[in-house]
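Listed here are the chains, written in short residue letters.
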Amino acid sequence: MSRAETQMVTELCARMKAAAGPLMPILHAVQDRLGFIPHDAVPLIARELNLSIAEVHGVVTFYHYFRKERGGRHVVHLCRAEACQSVGGAALEAHAKRSLGLDFHGTTKDGVLSLEPVFCLGNCALGPAIMIDQRLHGRVSAQRFDELMAGMRAASAGAL
Amino acid sequence: MSAVKVYVPRDAAARSVGADETAAAIIAGAQRHGIEVELVRNGSHGLLWLEPLVEVATGNGRIAYGPVAAGDVESLFAAEFTAGCAHALKVGPTDEIAYFKNQERLTFARVGLTDPRSIQDYLDHGGYRGLQAALDMQPAAIVAAVTESGLRGRGGAAFPAGIKWKTVLGANAAQKYVVCNADEGDSGTFSDRMVMEGDPFVLIEGMTIAGIATGATQGYIYLRWEYPDAHAALNAAIEAAYARAYLGENILGGGKRFDLEVRLGAGAYICGEETSLLESLEGKRGQVRFKPPLPALQGLFGKPTVINNVITLASVPIILDRGGAYYQHFGLGRSRGTLPIQLTGNIKRGGLIEKAFGVSLRELLYDYGGGSLSGRPIRAVQVGGPLGAYLPESQFDTKIDYEAFAEIKAMLGHGGIVVFDDTVDMAAQARYAMEFCAIESCGKCTPCRIGSTRGVEVIDRMMAGENAAKQEVVLRDLCETMTYGSLCALGGLTPYPVLSAINHFPQDFARAARVRVQA
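Top to bottom, those sequences are chains A and B. The numbering of the first sequence is numbering that gives the first Met the number 0, which starts it at 0 and goes up by one. The numbering of the second sequence is numbering that gives the first Met the number 0, which starts it at 0 and goes up by one.
The hints are simulated quantities; they were obtained by calculation from the structure and are not laboratory data. It is possible that some hints are incorrect.
To be verified - Below are the DSS-like pairs computed for lysine-lysine, each with C-alpha atoms no more than 27 angstroms apart in a straight line: (1) B:K302 with A:K16; (2) A:K96 with A:K108; (3) B:K283 with A:K67.
Could you put the whole structure together from the sequences, leaning on the hints where they help?
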């Protein structure tokens, strides 16, 4: 981590550690800001919360949502659960991997998009469903998927 | 002329198919046509195949149009939809839509009708009457009302809520907690999400009543990260409730304290199991705890804790408002009250159907759902999430009732129904159930942690035609070990979808083997 990032994590811990059971909220806060939980952040958080490194590492690695490595600027979560399967979820999954040229947990070469599996987005009557960052999309066909990805790439290019 | 009230849902499912774009088009269209429109972002009525569902308030009630894409809005203005006039997308008065009209909405009474961001709207529609009643009652009387209602845990385990509450009330401790399980992880379910987004105050009210009834002063809502819209809705509602003294140190001046906070999960299905949820809230890996001790006696941070699902807690206000007997009057047998059923997957008219217990699967699938979305025959439905059994057509007359489902080795769970048409490969579904268990196992019990991986391998060998008869014996033995050798429902119930698939659809396992051998 950079010095600024180290300072940010230290400050987050200082501000949040008085709460009951502060570890999960702190990990969320770190990931919200950096997009992942850096390896170096684990001993730092452990020290601030008076936990062992193993305890913090154990929590970070238990939960699927916490990323251990830097991902793309945008994260696409694709639902693999039964309701989406019943309306072509597996075909959409295959299309997504093929069109983005990656497998689950991968990031596109341009660093714009990461693809993650998710088990249910609560949009089970309007599947197949995906979530791009915090935004839910329903009835996602292969064509709609491509449009959404193109939109994210265009927005990302515009932001540079 | 006063402004015309137009409703476009803020619900995440409605937004997922363009509700925001439709709302923006309506604002722009109103300006172009010089019509004063007051746009309300309501909850969803749960008629999800019609989303985005646009409603206009008229002298004859609310008139519905749907599904309305942004591109349809100009033609709606041209047809004077703001006066409720005819249009190809006009559905008619919302109250008269059979799917909606034939429901018994108790818990969902306000969802879709009100603005979830307005505490005033909540109060105007009967909100906080349950809390008012509770404030005038002794804690034991509140618990008695919940017990009398017959309300059972709607998260899936169906444990009587009143008994849980009574245990917490009777426990002696300086600090007690109310925890809401909003880790709605079952595929085919979204009723928790819809309540939290569409009527968050009813959950807050239910939790506050639980606190007053049991002497708990701190509440937590453990919400899955996959629900950012619900997170925003809950935080806004909690802030509004604090501002009006419905939360805080002196609720409505009655001298009772109750504080409430939302905490986020991080994508672990197992955290929907109550003891691993508590571990997670404490900042640990979400590993299942042994019971006893019961969470009601030693729950969060070792203190007595009421832990209930969203729908359970959101059903409490109406019970306190109308009385336990009123709620108990709905339903049949030991399944009292109503269940918000979620009709999902390959279904023409998917949505939320709150009905008294006793409605049959067949009525839901065909009368409400209109058959499959693909138009092909419905071959199987999975009820109760990824740990629920797959039911064949011969079991579609089963009534929505906890005991009726238990009798056929199935479970109602959280009330989600996932529909599959005849293209489904049930061997693949059985394999997926084992794979899901392997991915989501917390690792505590060996039969779940290792057995699920072995289960995937055995099914793969069956599908490859490697001595299928012998593999089936191994698979059934493995399922028995998982059933009886796991602490919680993940390892214990994964055999449900697996065994129901092989028992009801053996030809799929044989067919898979044949296809592989030929290839």
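Hints, one by one, checked against the model:
no., hint, verdict
1, B:K302 with A:K16, "20 angstroms, holds"
2, A:K96 with A:K108, "13 angstroms, holds"
3, B:K283 with A:K67, "17 angstroms, holds"
Going down the numbered hints, you'll see the structure goes against none, and every one checks out.
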